[in-house]
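K.L.:
Sequence:
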Amino acid sequence: MHPDFDKIELRPIKLHGVTKLQLITIKSTKSTTTNVDFASFDALQILTSGYANCLIEAVDRTFTVRFTKKGQPQVFEETKNLKQDFSHDRLKSRLLDPNSDFLLNVGISNRNGIIKPSMNNKYRQIEEFLRVLMPTLNAEIRSGRLSGPTKDAPLRIVDHGCGNAYLTFAVNHYLSENDLPNTIVGIDQREESRARNTAIADELAILDAVSFRAEKIADSDLDAADLAIALHACDTATDDAIAWSINHHAKILMVSPCCHHDLQTQIRIVPDPWSVILKHGILKERFVDVLTDSLRAQILKLHGYKCDVIEFVGDEHTPRNSMIRAIATGAKPEPGELDKYREITELFSIRPKLAELLNFA
Numbered sequence: 001m002h003p004d005f006d007k008i009e010l011r012p013i014k015l016h017g018v019t020k021l022q023l024i025t026i027k028s029t030k031s032t033t034t035n036v037d038f039a040s041f042d043a044l045q046i047l048t049s050g051y052a053n054c055l056i057e058a059v060d061r062t063f064t065v066r067f068t069k070k071g072q073p074q075v076f077e078e079t080k081n082l083k084q085d086f087s088h089d090r091l092k093s094r095l096l097d098p099n100s101d102f103l104l105n106v107g108i109s110n111r112n113g114i115i116k117p118s119m120n121n122k123y124r125q126i127e128e129f130l131r132v133l134m135p136t137l138n139a140e141i142r143s144g145r146l147s148g149p150t151k152d153a154p155l156r157i158v159d160h161g162c163g164n165a166y167l168t169f170a171v172n173h174y175l176s177e178n179d180l181p182n183t184i185v186g187i188d189q190r191e192e193s194r195a196r197n198t199a200i201a202d203e204l205a206i207l208d209a210v211s212f213r214a215e216k217i218a219d220s221d222l223d224a225a226d227l228a229i230a231l232h233a234c235d236t237a238t239d240d241a242i243a244w245s246i247n248h249h250a251k252i253l254m255v256s257p258c259c260h261h262d263l264q265t266q267i268r269i270v271p272d273p274w275s276v277i278l279k280h281g282i283l284k285e286r287f288v289d290v291l292t293d294s295l296r297a298q299i300l301k302l303h304g305y306k307c308d309v310i311e312f313v314g315d316e317h318t319p320r321n322s323m324i325r326a327i328a329t330g331a332k333p334e335p336g337e338l339d340k341y342r343e344i345t346e347l348f349s350i351r352p353k354l355a356e357l358l359n360f361a
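Here my numbering is used: the first residue of the sequence shown is 1, the next is one more, and so on.
Incorrect hints may have been included.
Claimed, not checked - The list that follows gives simulated cross-link-like pairs (lysine to aspartate or glutamate, EDC-like), each with its CA atoms no further than 20 Å apart: (1) Lys-20 with Glu-9; (2) Lys-27 with Asp-4; (3) Lys-340 with Glu-311.
If you're looking for bench data, these hints aren't it; they were derived computationally from the structure. None of the values given here were measured: they were computed from a predicted structure.
Given only the sequences and the hints, what does the whole structure look like? Please build it.
P.N.:
Put into structure tokens, the structure is as follows:
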């Protein structure tokens, strides 16, 4: 049995002093909200319509119900202390106010302060990027590896492959709003991007903090950066961004890769038993995506970075939703880490673009 919706959310609300049940049905990217009487609501019908999980929250405990393949419920109880909320419109936790001037200027919101439907996914991507960025910065400042930025010594940021600079402006705005002085340089090969983005920075009167260059990442002569970022830099442009960051001793690196063509074209002879997977085109593509980012992370580790690969935004907003986050610690890799890297590259007879750029292994 397949349910009609991907997800259903239920909660009590008060409308004009009367307690109602708010029913939110979600399918793909569309959600519909209706308010119904408790007496007319059929909870059993929903519970038996094919959903795999059900979470019930009370003020003092939660119940998680999981249904087996045979439809048998498994109930788990946990003690909690939750605040009851009867408000009709529950505000979403937004990091970026849709009324912000920069969102209007870059074309994400309209003059009424509403996010354009066509730009909603991009808005979510940059918001979720910021949700990862802020705690990462705060943790490094607390650790002492990163000095707390001041007006005289702001945080130095480089945005590689900035394109229309949605992330560039968002990072500058959000950090400034949170009392973290910063300067950010956006790099993109296209002169028209540099001219457009510079004009927007001028309109926002932030040219002293936000600037742009039309050049290749590999050719940039910028000085060292505290933070290097990249959102969906295409194919080996991600490798350019990582190589630049390593060579210029960036303290924090946060990149979200886009397409992965480099190793796709290199893997020609597939060793057994890997042919079981790689003989299927779609599985080979997904496997090489994972392999590419895994080797990037390993190279960063071998260059003194603490590195993890995470999902930073839901795949409903972009299929390219992974992020490589690296922190410069200067720690020497554990014995055998280089051997692991070489074993994989020799097995598939590959040399990642990042290794080529760094003249590594």
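K.L.:
Check the structure against each numbered hint from earlier and tell me which ones fail, lowest number first.
P.N.:
As far as the earlier hints go, only 3 is violated by this structure.
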